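Q: In order, the protein sequence lines correspond to chains A and B. If you read the first sequence in the numbering used here, its first letter stands for residue 1, the second for the next number, and so on. If you read the second sequence in the numbering used here, its first letter stands for residue 1001, the second for the next number, and so on.
It should be emphasised that the hints constitute simulated quantities derived from the structure, not laboratory data. Here the structure is a predicted model, which is why all the values come from computation and not from measurement. Worth double-checking, as some hints may not be accurate.
[Claimed, not checked] Which chain A residues stay away from chain B? Per the calculated CB distances, all over 12 Å, these:
hint, residue
1, 35
2, 61
3, 78
4, 84
5, 91
6, 151
7, 158
8, 159
9, 162
10, 182
11, 266
12, 289
13, 296
[To be verified] Pairwise CB distance ranges, derived in the manner of DEER restraints:
hint, chain 1, residue 1, chain 2, residue 2, range
14, B, 1182, A, 84, 55 to 63 Å
15, A, 266, B, 1282, 56 to 64 Å
16, B, 1349, A, 240, 48 to 56 Å
17, B, 1356, A, 270, 35 to 43 Å
Just so you know, even glycine gets a beta-carbon here, dropped at the ideal spot from N, CA and C.
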Amino acid sequence: MTLALVLEQLLNGVQFGLMLFLMSAGLTLVFGVMGLINLAHGSLYMIGAFCCAAIAAVTGNFWLGLIAGIAAAAAAGALIEVVVIRRLYARDHLDQVLATFALILILSEGVRMIFGPRPLYLNVPDMLRGSVNLGIVDYSLYRLALIVFGLLVALGLWLLISKTRLGIQIRAGESDREMIAALGVNIRWLYTVVFALGAALAGLAGALVGAIQSVQVGMGEPVLILAFVVIVIGGIGSIKGAMVGALLVGVIDTMGRFLLPRFFATFLDTSQAMGVGAALASMLIYLLMALVLIFRPKGLFPAHG
Amino acid sequence: MTPIRTAALAALTLGAASVAKADDLTVGMITTLSGGGAGLGVDVRDGFQLALDMAGDHGIRLVIEDDAQRPELAVQIAERMIQSERADILTGIIWSNLAMAVVPSTVAQDIFYLSPNAGPSALAGANCHPNYFNVAWQNDMLHEAAGQHANELGYENTFIMAPNYPAGTDALTGFKRYYEGELAGELFTQVGQTDYAAEIAEIRASGADSVFIFLPGGMGISFMRQYEGSGVDLPIISAGFSFDQDVLPAMGEAALGVINTSQWSPDLDNDANAEFVAAFEDAYDRLPSLYASQGFDTANLILSAMAEADVSDMDAFRAALRAAEFTSVRGSFEFADNHHPVQTVYVREVVEEDGVLTNRIIGTAFEEHRDVHGENCSM
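Sequences and hints are given; from them, build the entire structure.
A: Pasting the structure below:
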């Protein structure tokens, strides 16, 4: 086990974490501001990836595809909010889960009807192909770009929330919904904007990740599960919590997959160690979530103090 | 749905209505038509349907249901098909874990099960059953061929990797059974995993001279896309599952030149195959995959048995299935005593033809190969 390998795995963990952050930021915003559990968040991720792949295939330009993916996810988010979600705010969480689960099925089948059952092709842009030498390790240029991109979006989101009028309204909405409505803020409009913003972030993550993964129906659900783990760990409604939770989950998951089989290999034979290590590694983040729930039931950075 | 598919469906519906004769036999197809594994199930279904369409007045009532790649759902559907639909034959399951959940109880209820894809080792060995036939392969088979061919390519230090489920363990076991070199590393990934950065880092650090993977469906696409950009350029060898027509278009040029093993290939030179490939392209507007070829063969096996015996006479029908008197797109087709195929396994290379990525046969790994588990089968 060399330093280069450890460094590469750490970078992998950070990159994975930042992509999870893009997913969880939207999820936690929507939950924090509107108190809504949105299971269909993964479908918006899928819509972003599919639209990016389709537009990139037609125009031959990844960046146009990326913009289209974000726009399509945001538009789909706004539409869903106006048509379906708006009726659910006053209902209890079980109704929301039921309705948004139905949305997953509808959107998945819709995407399949339009694009067919086979995965789509989406390649990384030419300028980000290949690998780059970081001193002791060669690292994929595209993954490095994903890290930079993730950090930039996190910075932008922080500025938006802490420095703009919209950000003040979002934070106020998290604290006291009735009060800001009473103060004359158009709460219906605010909800639509927040939902579309969350959807755009999911679409961005889907399009970025789609270039190095399989763009296929149902691609959003595994990520959605991880995003829920992230916001439970980080504290529901907190962007800072989502950032810390996402990085924790990303790094712990990657390092677990990397180190656990090696640990078991010291006293088991290789095949067994791989099996046990892989099985335990896949449980690691859920163990982390359980621990956080025991000691900090509201997450690491609860939004409502 | 494309206009062609809609038209084809409409034609089928009308056709079925105009025949309006009593069906001789009901086939229940449980397969994966939604989720990430849908490409495989759709191909098995379309291949099966194509064989029925080409046979014309076939007397088969086909009931199709989607298992969404979930074992518990597959079990429920199987029960419903046996109880309410009165199915005589079940078929269609893609995934080994689903097959293990459905097949044993199905065959125990005197219902035939014909596997168009999954071939877990348990069902080929100690748990083999007179009512169970595998028309595709035993899981290990193509991986054994990959191990054999790795020797011929002179690989001495291969890194091997598969998802952690029955077919994944079968894959690594099969590869190791014939591979003679050293293992640079051995990894199990999660089923449905999408990010392989950690595994690629392991491969880079392992000092391997080649990589063997078994990652069917979307998993293979994700891996190849990430492998391409990683700066690791070790040759990849694999079984055909990870490099067939269902995933090649999405992999793009990352897959070019990959060596993989399969019992079938679109360029396999026999009349039945040429006719199948042309008819499939004509009907569905895309190249068939090996899954489609397996669905096609499964339907033709059933049709051949129907010509010999009535399904109500189970012993006669079983003997007719066992005889396998049908023209397979693989050329020759024969069952071993454990009801799994004895067949030639080819070595293929991913090439680009007329702007479409596909496979071309470049050699033969095994002639008349049979699986090792048959020894533990008492039939």
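Q: Please name the hints from earlier in the document that this structure breaks, with their numbers sorted from lowest to highest.
A: none
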